[in-house]
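A.B. asks: Here is what each chain is made of, one letter per residue.
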Amino acid sequence: MYKKTGKELNSLFLQKQISAEEIVAYFIKRIHAFEPSIQSLLSTLESRALEKARALDLKLSQNKPIGKLGAIPIILKDNMHMKGEKTTCASQFLKNYEAPFDATVTTLIEEADGIIIGKANMDEFAMGSSTENSSFKKSYNPWNLDYTPGGSSGGSAAAVAAMLAPISLGSDTGGSIRQPAAFCNLYGFKPTYGRVSRFGLVAFGSSLDQIGPFARSIEDIALMQEVIGGHCPYDSTSIPNSKEPYLNELETSIQGKVLGVPFSLLENIDEEIKNLFLDALEVYKSLGVKIVEINLDLIKYSIPTYYILATAEASTNLARFDGIRYGIRSPEAKTLEEIYEYSRGLGFGPEVKQRILLGTYVLSAGYQDAYYKKAQKVRSLIIRDYKHAFEHSDMIALPATPTTSFKLGSIQDPLKMYMQDIYTISANLAGVPALTLPIGFSASHLPVGMQLQGPLLKDARVLRFANHFAKATNFHQKLAPLFDKEAS
Amino acid sequence: MSHYEGYEPVIGLEIHAQLNTRSLMFGRAPNQFGDEPNVNLDFLNTGQPGALPVINKEAVKKAVFFGLAIEADINLISLFDRKSYFYPDCPLNFQITQFYKPIIVGGEITTEVEGETKLFRIHHAHLENDAGKLIHFPDFTGVDFNRSGAPLLEIVSEPCMHSPKDASAYAQAIKAILEYIDSSECNMQEGHFRMDANISVRKKGESGLRPKTEIKNMNSFFNMELAIESEIQRQIEFYENNPGKKLISGTYRFDLERRKTILMRSKESADDYRYFPEPDLPPLVLTKKFIEELREELPELPRAKFKRYVEVLGLSHYSADLLVNDKPLCKDFEEGLKIAKNPKAFCNWLTVEFIGLIKESGKTLKEIGIDTKQIAELANLVEEGVITGRIAKSVASDMLKSPGKPPALIVKENPDYQPLRDTSLIEEIVDRVLALNAPSIADYKNGRDKALQYLIGQVMKECKGKATPGLTRDILIKKIEAL
Chain A
0 MYKKTGKELN
10 SLFLQKQISA
20 EEIVAYFIKR
30 IHAFEPSIQS
40 LLSTLESRAL
50 EKARALDLKL
60 SQNKPIGKLG
70 AIPIILKDNM
80 HMKGEKTTCA
90 SQFLKNYEAP
100 FDATVTTLIE
110 EADGIIIGKA
120 NMDEFAMGSS
130 TENSSFKKSY
140 NPWNLDYTPG
150 GSSGGSAAAV
160 AAMLAPISLG
170 SDTGGSIRQP
180 AAFCNLYGFK
190 PTYGRVSRFG
200 LVAFGSSLDQ
210 IGPFARSIED
220 IALMQEVIGG
230 HCPYDSTSIP
240 NSKEPYLNEL
250 ETSIQGKVLG
260 VPFSLLENID
270 EEIKNLFLDA
280 LEVYKSLGVK
290 IVEINLDLIK
300 YSIPTYYILA
310 TAEASTNLAR
320 FDGIRYGIRS
330 PEAKTLEEIY
340 EYSRGLGFGP
350 EVKQRILLGT
360 YVLSAGYQDA
370 YYKKAQKVRS
380 LIIRDYKHAF
390 EHSDMIALPA
400 TPTTSFKLGS
410 IQDPLKMYMQ
420 DIYTISANLA
430 GVPALTLPIG
440 FSASHLPVGM
450 QLQGPLLKDA
460 RVLRFANHFA
470 KATNFHQKLA
480 PLFDKEAS
Chain B
0 MSHYEGYEPV
10 IGLEIHAQLN
20 TRSLMFGRAP
30 NQFGDEPNVN
40 LDFLNTGQPG
50 ALPVINKEAV
60 KKAVFFGLAI
70 EADINLISLF
80 DRKSYFYPDC
90 PLNFQITQFY
100 KPIIVGGEIT
110 TEVEGETKLF
120 RIHHAHLEND
130 AGKLIHFPDF
140 TGVDFNRSGA
150 PLLEIVSEPC
160 MHSPKDASAY
170 AQAIKAILEY
180 IDSSECNMQE
190 GHFRMDANIS
200 VRKKGESGLR
210 PKTEIKNMNS
220 FFNMELAIES
230 EIQRQIEFYE
240 NNPGKKLISG
250 TYRFDLERRK
260 TILMRSKESA
270 DDYRYFPEPD
280 LPPLVLTKKF
290 IEELREELPE
300 LPRAKFKRYV
310 EVLGLSHYSA
320 DLLVNDKPLC
330 KDFEEGLKIA
340 KNPKAFCNWL
350 TVEFIGLIKE
360 SGKTLKEIGI
370 DTKQIAELAN
380 LVEEGVITGR
390 IAKSVASDML
400 KSPGKPPALI
410 VKENPDYQPL
420 RDTSLIEEIV
430 DRVLALNAPS
440 IADYKNGRDK
450 ALQYLIGQVM
460 KECKGKATPG
470 LTRDILIKKI
480 EAL
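First to last, the protein sequences are chains A and B. Just so we're aligned: 308 in numbering that gives the first Met the number 0 is position 309 of the first sequence, and the numbers increase by one with no gaps anywhere. Just so we're aligned: 436 in numbering that gives the first Met the number 0 is position 437 of the second sequence, and the numbers increase by one with no gaps anywhere.
Be aware that a few hints might be false.
[To be verified] Short derived list, chain B residues pointing at chain A, Cβ under 10 Å:
#1 86
#2 256
#3 275
It should be emphasised that the hints constitute simulated quantities derived from the structure, not laboratory data. Virtual Cβ for every residue (Gly too), placed ideally from N, Cα, C.
Pulled out of the complex, with its shape left as it was, chain A reads as follows (with noise of 0.2 Å):
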């Protein structure tokens, strides 16, 4: 059953060939079996699952309509809340927080009657590309334990990649889901901004933030942006009439549409990877697609840019931890300067504390002109230039990220690690739709990705681009050897 698809699942629950409670207990058995070696969840909500999944078996006896999602298991990242259960940002200053109401994706999710089995690992307040900068724990990639699933939604990536869920929710700030999808062979699809409301996750870098889907099928994640895809009154940054018919049109034909490659870009890229993704290119060809060159050369700009603007709404966002109201509090403070240096030097990690001074810098007065404004002038640019090359081109092709999934502790250089989002950061720059899908493996058996980018609102469009390709390959059909098979 584990290698079955949450929509495959749906279907056998509607069917009446499995039940609920059944599936929920089955992927609850898998996470005590194989959780210890992956180490990708921060909490298991196993007997509200269970309970949820009792309901939603009453539900169908008594015919009574079932939502899109009935009896899926899902994982949300520990950024989202869930009301009454904890919301960490694997943070230890929110250690203890419980959430005060329900994200908007968990309300989404649960009225569609997806059943939510547990809040997964990842970087603390998503800033991080490894999943190591969790206050917690580490999280292992499934696919090799020696190595990282990537971050910050590493928990949720490798959840998925070891199914013990068929699909998660991630947050992407400059590619959080893309890398670790990248690399734990997953389809990991950042929406338009604006798409899915941000209403109940926890902010890292408000205007970059979107949260989206992992999954092994292309399916499922249309089937995710159906439920979590629309308006919401409570996020003022959400699109207006946002809903996208994805499942309809993932069959559309895209014979004779263009693809867009910035060839340029790919120069400084490992060598198996570069090849890996013109041989996807082979393939879109073979389909009919036509392949132009296009420039986005801004894309190396996109780091510092990128750097600059998400530190600088960090460190405002961050602000409201401060030890008074709730979250840790030093008790050692005995004055309110105390309060706010004790507890928020106990509660942060390094690499928040560097990237909350690296935002309060760039937006001081004196730097903030040559920093925080000129940053803005840039991504202002690259957006042009996304518009441009959509004037040429139906969707963008583009590698998903520089390497393979790296060893865990083998990037201890943050400009280094920082580099892991070259190719995913413009994205959330120009706040176009991005997905990564499985293109291949590498000669030591890690998984690659490349990722479709298309122009604003056509999401559904990048996911069509995404199911041609899966039907005529067979890349995300792999499994992680090491979990393929059922818990003892």
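For chain A, the structure is supplied; the task is to place chain B on it using the hints.
C.D. replies: Then chain B, alone, in the frame of chain A:
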């Protein structure tokens, strides 16, 4: 302004007006504050992670109303910014305000300052959210977040005022507008209307501005006048005692008891608020149609009312100014106006006689239980010649003693209040008065009207005000001419 000895004060005001919307500026909790701390909370005004701001459209509407009332430019696109500072009353540790592009730009108001009509200019007005309140106890400090997130309109004037009276007249005119357009309750005790004054002085004729100081958080016009006056004197003294030296800019508060401004912090330790665009809020976009629809809804504004009172009703500038700046009183006046036979006379009875009588009690007419319509009835009794003005004054006192009793009834029940209608009795008194005042008769015959007034006064005195002035006058003239 002579007492500033060759100096000219320059004053600008920042007014924080709390808008009377149903919910908060960016959150869902109700915009109302009981005495119990921390009862009106939502996810945003307690700074929960994952909470997001949503602009309150009602607050936007009220701000636009204000912009239209002062004939300002309304920005069709305005932006919100984060203003960062750490303080426990600020749950996000940043305030959401409009730093780079406010909703309202420019504008002006005209008002009366000590009998002179003056025009003051507004630089801009912007929307923002209020902070909570710290409550200090002997061994700890608590935070009440009830007020946190309440919508504020910050109205920033140009440095266009030159005396404490200017400042308070300007602020009162702003307050009146906010009340007329129903944008703020302006309850000053509850902090709905708070004023910061920026003050500098310079030598008369100097064109540039010298360093300024700021007095924060004043909520009484009277105290603000005192505070500004004392700060002006302090600065003049500084320049007189330290010729050529520069005043140190800083933030002050006013100590009412010592009648002195006290330094809170100097500008050298200036805060860096690190303003940048609020990424959780897209630009606030308004349409011309929306603005024009609101323009149609604008009620009569204080200045228009002032003009109507002066030009149509013939009220004095003083009375008209007093009425338009006091919305409840003005509303009562309008009620009485519906039945008043002589608006000007009614206005005098209301604003001079009755307001004078109740001044010491510190209460309003409404609180005492006097219906303004009854004041109009009283004025009409005089107007119709039923009673004399002198009797009416006594009736007014009686009305305050037994609130609600109609003046006509008070007159009817008191024999002393019956006017003298018997002409022969009046003639008798007139004869007596004329016999004693030969010089006045001569004066009158020489064309001096004042003499006649004097004689009327003498008759009134004799009859204890019971004869009507008109009748007395007629009899007097007839008798003098017959002499």
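A.B. asks: Each of the hints needs a verdict: does it hold here or not?
C.D. replies: The hints, checked one at a time:
no., hint, in the structure
1, 86, "holds (8 Å)"
2, 256, "violated (28 Å)"
3, 275, "holds (6 Å)"
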